[in-house]
Structures are given as C-alpha cells and as structure tokens.
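Protein sequence lines correspond, in order, to chains A and B. Each residue of the first sequence is one higher than the one before, counting from 614 in the working numbering. Each residue of the second sequence is one higher than the one before, counting from 614 in the working numbering.
Mixed in with the good hints there might be a few duds.
Claimed, not checked - Have a look at the derived ranges for each label pair, beta carbon to beta carbon:
{"hint": "1", "chain 1": "A", "residue 1": "Pro930", "chain 2": "B", "residue 2": "Asp920", "range": "28 to 38 Å"}
{"hint": "2", "chain 1": "B", "residue 1": "Gly756", "chain 2": "A", "residue 2": "Pro837", "range": "37 to 47 Å"}
{"hint": "3", "chain 1": "A", "residue 1": "Pro930", "chain 2": "B", "residue 2": "Thr782", "range": "32 to 42 Å"}
{"hint": "4", "chain 1": "A", "residue 1": "Gly939", "chain 2": "B", "residue 2": "Arg890", "range": "32 to 42 Å"}
{"hint": "5", "chain 1": "B", "residue 1": "Gly734", "chain 2": "A", "residue 2": "Asp928", "range": "37 to 47 Å"}
{"hint": "6", "chain 1": "A", "residue 1": "Pro818", "chain 2": "B", "residue 2": "Thr755", "range": "36 to 46 Å"}
{"hint": "7", "chain 1": "A", "residue 1": "Lys655", "chain 2": "B", "residue 2": "Thr623", "range": "47 to 57 Å"}
{"hint": "8", "chain 1": "A", "residue 1": "Trp938", "chain 2": "B", "residue 2": "Thr623", "range": "25 to 35 Å"}
{"hint": "9", "chain 1": "A", "residue 1": "Asp928", "chain 2": "B", "residue 2": "Thr623", "range": "26 to 36 Å"}
{"hint": "10", "chain 1": "A", "residue 1": "Gly860", "chain 2": "B", "residue 2": "Thr755", "range": "55 to 65 Å"}
{"hint": "11", "chain 1": "A", "residue 1": "Pro930", "chain 2": "B", "residue 2": "Gln925", "range": "18 to 28 Å"}
{"hint": "12", "chain 1": "A", "residue 1": "Asp815", "chain 2": "B", "residue 2": "Gly756", "range": "21 to 31 Å"}
{"hint": "13", "chain 1": "B", "residue 1": "Gly657", "chain 2": "A", "residue 2": "Pro837", "range": "32 to 42 Å"}
{"hint": "14", "chain 1": "A", "residue 1": "Pro930", "chain 2": "B", "residue 2": "Glu922", "range": "26 to 36 Å"}
What the hints assert, rightly or not - Here are the simulated DSS-like cross-link-like pairs (lysine-lysine), alpha carbons at most 25 Å apart as the crow flies:
{"hint": "15", "chain 1": "A", "residue 1": "Lys886", "chain 2": "B", "residue 2": "Lys652"}
{"hint": "16", "chain 1": "B", "residue 1": "Lys859", "chain 2": "B", "residue 2": "Lys781"}
{"hint": "17", "chain 1": "A", "residue 1": "Lys658", "chain 2": "A", "residue 2": "Lys781"}
{"hint": "18", "chain 1": "B", "residue 1": "Lys886", "chain 2": "A", "residue 2": "Lys615"}
{"hint": "19", "chain 1": "B", "residue 1": "Lys655", "chain 2": "B", "residue 2": "Lys781"}
{"hint": "20", "chain 1": "A", "residue 1": "Lys652", "chain 2": "B", "residue 2": "Lys886"}
{"hint": "21", "chain 1": "A", "residue 1": "Lys886", "chain 2": "B", "residue 2": "Lys792"}
{"hint": "22", "chain 1": "A", "residue 1": "Lys886", "chain 2": "A", "residue 2": "Lys781"}
{"hint": "23", "chain 1": "A", "residue 1": "Lys792", "chain 2": "A", "residue 2": "Lys781"}
{"hint": "24", "chain 1": "B", "residue 1": "Lys811", "chain 2": "A", "residue 2": "Lys615"}
{"hint": "25", "chain 1": "B", "residue 1": "Lys615", "chain 2": "B", "residue 2": "Lys811"}
{"hint": "26", "chain 1": "A", "residue 1": "Lys859", "chain 2": "A", "residue 2": "Lys886"}
{"hint": "27", "chain 1": "B", "residue 1": "Lys784", "chain 2": "B", "residue 2": "Lys658"}
{"hint": "28", "chain 1": "B", "residue 1": "Lys792", "chain 2": "B", "residue 2": "Lys886"}
{"hint": "29", "chain 1": "B", "residue 1": "Lys784", "chain 2": "B", "residue 2": "Lys655"}
{"hint": "30", "chain 1": "A", "residue 1": "Lys781", "chain 2": "A", "residue 2": "Lys655"}
{"hint": "31", "chain 1": "A", "residue 1": "Lys811", "chain 2": "B", "residue 2": "Lys859"}
{"hint": "32", "chain 1": "B", "residue 1": "Lys859", "chain 2": "B", "residue 2": "Lys886"}
{"hint": "33", "chain 1": "B", "residue 1": "Lys792", "chain 2": "B", "residue 2": "Lys781"}
{"hint": "34", "chain 1": "B", "residue 1": "Lys615", "chain 2": "A", "residue 2": "Lys615"}
{"hint": "35", "chain 1": "A", "residue 1": "Lys792", "chain 2": "A", "residue 2": "Lys655"}
{"hint": "36", "chain 1": "B", "residue 1": "Lys811", "chain 2": "A", "residue 2": "Lys811"}
{"hint": "37", "chain 1": "A", "residue 1": "Lys811", "chain 2": "A", "residue 2": "Lys615"}
{"hint": "38", "chain 1": "A", "residue 1": "Lys859", "chain 2": "A", "residue 2": "Lys658"}
Everything labelled a hint here was simulated from the structure, so no lab data went into it. None of the values given here were measured: they were computed from a predicted structure. Note that the Cβ used here is the ideal one computed from N, Cα and C, for glycine as well.
There are 2 protein chains.
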Amino acid sequence: MKKLINDVATVLTESLDGFAAAHADLVTLGAEHKFVRRKVLKPGKVALLSGGGAGHEPLHAGFVGHGMLDAACPGQVFTSPTPDQMMAAADAVDTGAGLLFIVKNYEGDVMNFDMAREMCGRDVATVITDDDVAVENSLYTTGRRGVAGTLVVEKVVGAAAERGADLKTLKALGDRVNKATRSMGVALTSCTVPAAGKPTFDIGPADMEMGVGIHGEPGRRRVPLQSADAIAEEMVAAIAGDLGGKGNALLFVNGFGGTPSMELYLMYEAARKQLTRHGITPVRALVGSYVTSLDMAGCSITVTMFDDEIAQHWDAPVHTAALRWGL
Amino acid sequence: MKKLINDVATVLTESLDGFAAAHADLVTLGAEHKFVRRKVLKPGKVALLSGGGAGHEPLHAGFVGHGMLDAACPGQVFTSPTPDQMMAAADAVDTGAGLLFIVKNYEGDVMNFDMAREMCGRDVATVITDDDVAVENSLYTTGRRGVAGTLVVEKVVGAAAERGADLKTLKALGDRVNKATRSMGVALTSCTVPAAGKPTFDIGPADMEMGVGIHGEPGRRRVPLQSADAIAEEMVAAIAGDLGGKGNALLFVNGFGGTPSMELYLMYEAARKQLTRHGITPVRALVGSYVTSLDMAGCSITVTMFDDEIAQHWDAPVHTAALRWGL
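This is chain A alone, in the form it adopts within the complex (with noise of 0.2 Å):
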C-alpha cells in the first residue's frame, strides 16, 4: 500500500486537522472530531447536516459553508459516522428551525442517521439519496446506492434553504431533486482501504468494472476496458433510459480519486455527445474529483434534469472548501 499517511489509524483525524487547518475562514472542527461545522451559523435556517464514511473527500465536509451543508459528520473509512456524532453536530448547528438530514442509502448510515433522529429530540426531516442506476441492491443497500447525486441535492437543497425555505419544502425539494438524478460510474482500478493495506478487489490489467460503487463494491459486470466513447454510451444510455425524458440538464463528470483532470474533461466530452442523442441538453456542466473512493482510478457520470427552480438554486451562491462560485 502507498499512501501518504503517518499511521491507518490516525488518517481521519489527521486529514480532518489539515482540512479545518486549511479552511479556518469557513468551517471549526467538533470535539473529537466528530463533526465540521461552518463557522459562522444564520439563525433562522433551517439547518442541513450530510455525512458518511471517509474516502470520499470532498464530499461531504468540503461542502460544508454558504450554501450548502451547516455540518457534515464523518465516519471512518467506508464507515457510518455513529448517532453520537450527528447528535454533536445537531446541537451545534440547530438554530431553532429544525435540521434536514441527507443520506446516501447505505444500510448503515441509514440507521444511525435514524437513530440520532430519534434521539435528538429536534425537527428533524431526511431526504435519502439513492441515484446509482448501475443496480437495485447492493452489498451495503437495500435498493439503489446514493453516490455522486449526492452533491447536487446538498447543492440545490442548500441553496433553498440559504434563502429561507422551510423543512416541509426542503425534504419535498431534496426528494425531487434526488429524483431529478441519476448516476452511474466505472472503475479501472481498486482503492485501498488504509487499513486493509491491500485492494479492496483485484481487477485485471486490461479490465473495468462497469456499474462500481463508491466503495468499490461490485458493479454490473467485469468486462475488458473499452474506449471513452464507448463506456459513455453504455453509462449514458443507462442514466437517459432510467430518467425517461428529455430537456435541459446538469452534466457531472466525477473522478474518484485516481483519475486526472485530462481524463474527466475527455470523459466529458463523450458523454455531453451521448446525452444530446438522447434529447438531453447539458445546459451545466461540473468536472471534478468531488465524491471519490479514496484512489480507486474511474469516474462516474451524473445526469441532473433541470428545471428553472432547480436551476435557480444551482446557480446559487456557494462558498465552500470544494464548491465555490457567485461569492
């Protein structure tokens, strides 16, 4: 295993020390690390709070701040942070308007999100997300995996919510949005758990797993790497086929850790293509390395179908460690 890291044991902790460090304008770090916060609260709002196992930095304190989530709570790697965590961080960032949870659908973060839900004794409210079409169940789902979708709701969602909007019309937005969604990705290479110290599946030197989750769990198929073009189509035709319109769209190419920016661009070309021939118009587009699995080399491809409200709030002002822009 190569990584540049002190100890397995201390990665999180460590990388979460740099991350507030970096970000000291924006987000504090909770006690124990068991949450970001923004910095600076708006009393009022109603609070958004996201989390989920580590490995997939940025997501979610990188998006912690204006805009976007009020706290983000982070598990170990691949893991569901703990109710104690989420409870921490409702206290730190409930300002009397209630709290709206986002969760991508693992079995495990499901539980402990409902669990401190419960037991906060707070307004709360949890939209799930769950746009991964590559399959129904997989091994940590009950039905679809929420994966790259994820940063367009806390987007969007955070956007209505830094304008006022209250919890009822914050879950309905986050559950349509989450519906507007879909994504699916492809991995060339593993990642490695740091403390597994070795890949998390073996894969061919000529092969890809079409369909792979974001923790490099099985996708629909091992089959022999194909061209850009080709891997697009089949990505594309799934997410166009599963949405089942047409019209204008957010197009996002999302890399997992191990892909360079050269790479995602080209990507994004193939499937901008693609998706026209479907009769869908990518009227915005997002490249990057936003919701990863740790250095497992792949990306996926996100399609978020646009209408002028989800539009508005994805233009939005957001100012966050990974997502900035009209601020």
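Following the hints, position chain B against chain A.
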C-alpha cells in the same frame, strides 16, 4: 495502460473540446486547438499568456479567466507548444498594452516562447518560473525546474494585471513572486504518457522518488516510502532552507493527479507543522491537484513568502475553471 481515452493520438484535442464545452461561459478554444483564451477580453490590460505540455491539467488552461491568464497554449503531453500557437494566441488576446509570457523553465518551452517573442512583433516580456528546489539541472532543464509555484506567479501577476499594472511592473512582480516561491515533490508511482503506453519510470512497490519532477524526472534519490511526517519534514526543510527567511506565507499542497484529497489534507497538516518550526506561518492555504503529472501518485509542497502586495494580489478575485473566489 488504463486510461479513459479513445485514441492516444486525440487525447489532447478531445480533452480540450470537453474543457471548452464545460466552461463555455469562461473560455473560447482557438482554431486548430492552438490555444484557450478568455471569452471576454479587457481592453487596455496587459495580456498574460502561458502554456506548456499537456498532462499538467488544470495548469494552464484551467487558469484562464478574470484575474489570471488571458490565454494558454497546450502542447502535446509533456511537449512544449510551438511558436505558431503562441503567436496565434498573442494575436487573439493582445489589446495593445503588451503581453507577458509566463514560462516554466524547461529548455523546449523557453526556446519556443523566445522564438514566438521574436517573431510576433509585439511588446512582450517573459517571466520564467524555476521554483523546484529538488535539483539544479534536470533532464529537460538548465537550472531549476518550474513546477507548481507557476500557479502562484500566474495568480499574483494576473491580479496585478487586472488592476491595470503595466508590462514592466508585471515583469518585475512576476520575477519577485518566483523568487519568493519554492517547491519540492515526491512520487509514489510513475505517470504513464498515453503515447508511450507504459510507465515513464519503474519504481518498487515500497519505494518513493524524493524530489521528482512533474514529468516523472528523477529527483534527489529513490528511497523506501516514509511517513507523511518524514516526507513533509524533508521537503519543508529543503524549501525553508532555500528561502532562508521567516514570516507569513502561502502553503500550497499540490496533488500530482493520482492522489486523493484525503491524503493531500493529511500532508497539508504535516507540512503546516513543519513550516511553523522553521518560523514560517501559513496564512493562506491551497490544497488540491492543480499542477499534475497525468496519473502520478504523489504530491508537491510549495511555499510563497507573503508581503502585503503579494498577499493582496493572492486574495484578489479570480474566476477561472480551476481557481475561483471573490466573484
């Protein structure tokens, strides 16, 4: 070779097409993919022009926009762009106030930008960046290599140009920022140039290349992989020793393309602690993969000593594909 590409011959042009499509609000692609330029020019402003071999994305095209570059000329992977590219870019962005070329110190780049300067019949000054403290002469250089510190020069000089500084002032400022900036890198794996189809260098499964260049050039030595703290200690000592001063600084931890955010923030924390021991206080941070070496795993550390002028220009608004704040 595992890459998300179609054909090794068209990697660059397809990636540029994707880049231009994704950022059509910011940039325009020149004919025959010769350059990427700002969509809207600012008449009367000195035009900043950079470029170099592809494979270092987002450098340089990702830094075209308000507050940074006016144009960037991409060569083939790890190959200098040609004088006709620079001349076409100069024609496209010179509004009469002159041009500043920002060139990384590699023999091919320096020669080609020099030829373009002589041939274009315009008022041109050149800033050459050579911030890499690892080695003196290298595979493609006389003198030190220009690496991630180039981003800092482009940002600071770009801000001054936006505020109306003249060519002579910008040239002097660029040279001053370059002198205030030092970098050093470490590789855990080789990069793979698409046209070569195999890793640029062999490296053992437990080794690292200390002082590596951004094309995979040899560094100071090949040694067993060390802890993040030990790596940061050596790199920061080399940087701080060469800078030879104390004070406030920018600390920039740059990923080479195959290293995820989680490790980069851990390295930031390690470097931050070391820097403080040398009497240098990081007052600004940048953490991410900005000056890459295709898919190489590893990172570099860059330190720029800040005075009020440099700090002010660093903080000034920037709106490019890869760096964006204050707008």
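| query | Does the Cβ-Cβ separation between A/Pro930 and B/Asp920 fall within 28 to 38 Å? | reply | With a Cβ separation near 31 Å, A/Pro930 and B/Asp920 satisfy 28 to 38 Å, so the hint holds.
| Are A/Lys792 and A/Lys781 close enough, with their CA atoms no more than 25 Å apart? | Given that 25 Å is the threshold and the Cα spacing comes to 17 Å, the pair holds.
| field | Given hint B/Lys859 paired with A/Lys811 - CA-CA distance at most 25 Å | value | violated (42 Å)
| message | Please verify whether B/Lys811 and A/Lys615 have alpha carbons no more than 25 Å apart. | response | holds (19 Å)
| Holds or violated: B/Lys792 with B/Lys886, Cα cutoff 25 Å? | holds (23 Å)
| query | Within 25 Å, alpha carbon to alpha carbon, are B/Lys859 and B/Lys781? | reply | Outside the cut-off at roughly 28 Å; violated.
| query | Taken at face value, is the distance from the CA of B/Lys652 to the CA of A/Lys886 at most 25 Å? | reply | holds (23 Å)
| That 32 to 42 Å hint for A/Pro930 and B/Thr782 (C-beta), does it hold up? | holds (33 Å)
| Is the straight-line distance between the alpha-carbon of B/Lys615 and that of A/Lys615 25 Å or less? | holds (18 Å)
| message | Against the range 18 to 28 Å, how does the distance between the Cβ atoms of A/Pro930 and B/Gln925 compare: consistent or not? | response | holds (23 Å)
| task | Mind checking the alpha carbons of B/Lys784 and B/Lys658 for me, to see if they're no more than 25 Å apart? | result | Within the cut-off at roughly 14 Å; holds.
| task | Mind checking the hinted window 25 to 35 Å against the Cβ distance between A/Trp938 and B/Thr623? | result | holds (31 Å)
In terms of the numbered hints stated before, the structure departs from hints 12, 13, 16, 21, 22, 31, 35, 38, listed from lowest to highest.
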